[in-house]
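For chain A, the structure is supplied; the task is to place chain B with the ligands on it using the hints.
Number of protein chains: 2
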Amino acid sequence: MSKGLTSREEDYSQWYNELVGKADMAEHSAVRGCMVIKPYGYAIWENMQAALDKMFKDTGHSNAYFPLFIPKSFFSKEASHVEGFATECAVVTHYRLKNDGNGNIIVDEDAKLEEELIVRPTSETIIWNTYKGWIQSYRDLPILVNQWANVVRWEMRTRLFLRTAEFLWQEGHTAHASSQEAIEETERMLEVYADFAENWMALPVVRGKKTANERFAGALDTYCIEALMQDGKALQAGTSHFLGQNFAKAFDVKFTSKEGKLDYVWATSWGVSTRLIGALIMAHSDDSGLILPPKLAPIQVVIVPIYRSDEELDKISAIAKELAAELKLKNISVKYDDRDTLRPGFKFAEYEMKGVPVRLAIGGRDLENGTIEIARRDTKEKQTISRDGLVLHIEELLVDIQNSIFKKALNFREENTREANSYEEFKELLDTKAGFISAHWDGTPETEKQIKDETKATIRCIPLNNKLENGHCIVTGNPSTQRVLFARAY
Amino acid sequence: MSKGLTSREEDYSQWYNELVGKADMAEHSAVRGCMVIKPYGYAIWENMQAALDKMFKDTGHSNAYFPLFIPKSFFSKEASHVEGFATECAVVTHYRLKNDGNGNIIVDEDAKLEEELIVRPTSETIIWNTYKGWIQSYRDLPILVNQWANVVRWEMRTRLFLRTAEFLWQEGHTAHASSQEAIEETERMLEVYADFAENWMALPVVRGKKTANERFAGALDTYCIEALMQDGKALQAGTSHFLGQNFAKAFDVKFTSKEGKLDYVWATSWGVSTRLIGALIMAHSDDSGLILPPKLAPIQVVIVPIYRSDEELDKISAIAKELAAELKLKNISVKYDDRDTLRPGFKFAEYEMKGVPVRLAIGGRDLENGTIEIARRDTKEKQTISRDGLVLHIEELLVDIQNSIFKKALNFREENTREANSYEEFKELLDTKAGFISAHWDGTPETEKQIKDETKATIRCIPLNNKLENGHCIVTGNPSTQRVLFARAY
Ligand SMILES: [Zn+2]
Ligand SMILES: [Zn+2]
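Protein chains in written order, with the UniProt record's numbering: chain A, 1 to 490; chain B, 1 to 490.
Bound-form chain A, shown alone:
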């Protein structure tokens, strides 16, 4: 462990960058915009994947795999899609290198592709081109498929996990016989994401719909979950799109209904990415390092021995190993750190930085008294307790930590969601308190754009089940029937 972190108050952005490095989560690679996800960061992603994958399968989905490359012409087939994705993408033009005779490796111009290939930024086009071959009749529907994959969207300004050229994600792509069924699927998967965010990531989210301006390129409706970070900026944590018949029309995918009628197929797509790791870090962590919800922590409990002699260490190790075995039986992941090259204080700081939810320490006095020191990472509270009943105590503590950090984040969000009733008030709130601002808007893209240009705040969503309330747009004064949620966002 090197020195501590820049504090959040001093420089939130710097705090985040240092934390990602010092907690051994990820680093920039030699390839501009691409990150290396280090083992500790990747272990969190694996835990996220396992939980999400089970939720997808429990709702009837299967995984499959589609090509990394998409023929350039596919992008032009859905008009709004090409505008959204063709502009910043990695283009494969050749399929061979050669030695130029002077010892330099160069691109072989004889191996130029007839049609360029795009590294997928998202897979609607290649998947709907494939679905065409899979669908003839209503009997072939629904298709409920998900893909775990890497995607590339060229980015000049990158931040680890939050915005990188290559990132990992899952993308669900479903095909349905009716509009209603597709909308139900879109909403079902939004709820899966909200459930995951709240019950696994301990991250409270607002469920809502995007405005037309903020929709996915090619969608009729984009649903999203929005979370609030500690600096008062919002982060979109997942999206679920109702694509209507746009991609079916673009790729000519029709089916014969039960009634014998030919119609285009209805589509959804939905995705979350390694960006969630960025959200997890920013939502909960403090100036000492990561705070991880126990359900996603790679190490849930760490045991550190404090000893003055080899004899003492042997006795402590015997207790630690027995305890570790008992915890493992309860499916609690535990690490016993008996490295003899590092002081306990150094190890304490390291596990604080890495956000291990529960730390146990066993010293000479504990040996005499049959006790153990137990510290929780979120509140840093320490207690010396009897080893009797310890496993049960830890099980309960892990549940308590999971709930506590959710409640803390929820309180933070509630305290930082404010109503603004004039544009002045809106701007002042943005600059002094940030957070979510609930305000009336006249429903036009023009006003939305004006607000964005003038304040950098965007409409994060129109919350689902929004309460109807007559009011006036904060900018134009035109009538409005509901408030929408604004924020500056990642």
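Treat the hints as calculated values from the structure; they're not laboratory data.
Every value quoted in this text rests on a predicted model; they were computed, and no experiment measured them.
Mixed in with the good hints there might be a few duds.
Put simply, identical chains are the same to the list, so a pair is met inside one copy or across any two.
[Said to hold, decoys possible] Straight line, CA to CA, 27 Å or less: simulated BS3-like cross-link-like pairs of lysine-lysine:
#, residue 1, residue 2
1, Lys57, Lys295
2, Lys449, Lys98
3, Lys330, Lys295
4, Lys77, Lys328
5, Lys54, Lys321
6, Lys449, Lys433
7, Lys328, Lys295
8, Lys54, Lys328
9, Lys77, Lys456
10, Lys382, Lys315
11, Lys335, Lys258
12, Lys315, Lys335
13, Lys261, Lys330
14, Lys382, Lys132
15, Lys22, Lys254
16, Lys427, Lys452
17, Lys249, Lys98
Below, chain B with the ligands alone, put in the same frame as chain A:
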């Protein structure tokens, strides 16, 4: 289900292609050389991944993720590596498309990369460039990291699973403080692969070393496992490479030893890919379709109702659902197929095609007698047995099937491994019986190449623990101390 398969005897290659399609495993995509892995095929890969991933973690490895792209210059840093991989690869040259004003999407020449990026064909270079930042002293070693990823090697002639431009794989990349430790790791991971092949895939393999000609580009030693397919051709099912200090030297990765000496780091890499699915198909399946080892089968047991009335179906369904629940409690994956649009005979053929190991059928007479019909896919044996004790019977049957198909494949390999003591005999065996041929070779790359050019047979490996035996090279007559294993191969 459409018509049956071309028989293996008639056209083995055609049989394979049809089987991959009819069992719903994979298909060619619109992108030349890239496949779509369909849900049923992908479910097999997920089972393989889960088993392998656990084995990797049990041997101390963690997963991480490195960039998809590799700067062109990295390839030139390890001389033999560039020859092996630079020739057929996907090259990214631009990072933007644009509209040409006439409604066509074209590559934006203003967005040309200064240095081309190669889509990884394998990740030694980008990983060793990263490890340079991770390693200073022996305390940072070993690094035991694995990556699950997609890779691209441009291929003109492709076959689903066996040879495709893009494929999925895992690649382990480890760093060690001594040559001996790296060699031990190389051998350990070869044994993990052999264990997986034999005990999960039911695929007997020969463990061996490649000759210098057949080594991985950049390795000092390549270990491999080789399996025999039903047409008598060999298939390399996994490789584990001892890389010496080649990549550490290419990327200047040094460490300070315990004794304070500066030295280059020792490396290994090892990988298996979706090619294993091709091996699985070709090793066990028959003219009715797939035969899957129960440990990797997505569906282990299917239950099909045979009924003449809704009332009968209700009674059968009650039994089937109870039975399915009991099987699930034993972690047996089970599907109850009560689709009412298809006849039982059609379903039987479909599950035969898909290689479901155990099929249960329940009919009217079974209702009366308290019985059930149980059929095993591998031998097609059918039995009518009492429903009492059925779950235990199925558990035992799944174990028996797993063992039986391994033994069958092992017998096949033993019957098809022959010694040749002259080049004449060698060539005749190749053309009449194929299989593995064990023969003396003088140890020179020239003779190896001559045999390959003249017969298309390659040295698959020098088996580990090979028995020493004085003899004469079948081509040159020069003295030899051991036989090596030849075959034509996939
Ligand atoms: Zn009014
Ligand atoms: Zn001799």
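Outcome of the hint check:
For the homomeric pair Lys57 and Lys295, the shortest alpha-carbon distances inside one copy (19 Å) and between copies (20 Å) are both at most 27 Å. Only between protomers do Lys449 and Lys98 lie at most 27 Å apart by alpha-carbon distance; the minimum there is 24 Å, versus 49 Å within a single protomer. When the C-alpha separation of Lys330 and Lys295 is checked against a cutoff of 27 Å, the pair qualifies both within a copy, at 13 Å, and between copies, at 26 Å. In this homomeric assembly, Lys77 and Lys328 never come within 27 Å of each other (Cα to Cα): the closest approach is 53 Å inside a single copy and 45 Å across copies.
Taking identical chains as interchangeable, the C-alpha atoms of Lys54 and Lys321 lie at most 27 Å apart only when they sit on different chains, with a minimum of 22 Å there against 31 Å within one chain. For the identical chains of this complex, Lys449 and Lys433 are intra-copy neighbours only, at 22 Å inside a copy versus 74 Å across copies, given an alpha-carbon limit of 27 Å. In this assembly of identical chains, Lys328 and Lys295 lie within 27 Å of each other by CA distance both inside one copy and across copies; the values are 14 Å within and 25 Å between. In this assembly of identical chains, Lys54 and Lys328 lie within 27 Å of each other by CA distance both inside one copy and across copies; the values are 22 Å within and 16 Å between.
Taking CA atoms no more than 27 Å apart as the test, Lys77 paired with Lys456 passes in neither setting, with 32 Å inside one copy and 46 Å between copies. Taking the shortest alpha-carbon separations for Lys382 and Lys315, only the intra-copy value of 23 Å comes in at or below 27 Å, while the best inter-copy value is 60 Å. In this assembly of identical chains, Lys335 and Lys258 lie within 27 Å of each other by CA distance solely across copies; the values are 25 Å between and 58 Å within a copy. For the homomeric pair Lys315 and Lys335, the shortest alpha-carbon distance inside one copy (17 Å) is at most 27 Å, but the shortest distance between copies (52 Å) is not.
Taking the closest pair of Cα atoms, Lys261 and Lys330 never come within 27 Å of each other, the shortest separation being 55 Å inside a single copy and 45 Å across copies. Neither within a single protomer nor between protomers do Lys382 and Lys132 lie at most 27 Å apart by alpha-carbon distance, with minima of 60 Å and 39 Å respectively. Taking the shortest alpha-carbon separations for Lys22 and Lys254, only the inter-copy value of 22 Å comes in at or below 27 Å, while the best intra-copy value is 53 Å. Taking the shortest alpha-carbon separations for Lys427 and Lys452, only the intra-copy value of 11 Å comes in at or below 27 Å, while the best inter-copy value is 77 Å.
For the identical chains of this complex, Lys249 and Lys98 are inter-copy neighbours only, at 23 Å across copies versus 42 Å inside a copy, given an alpha-carbon limit of 27 Å.
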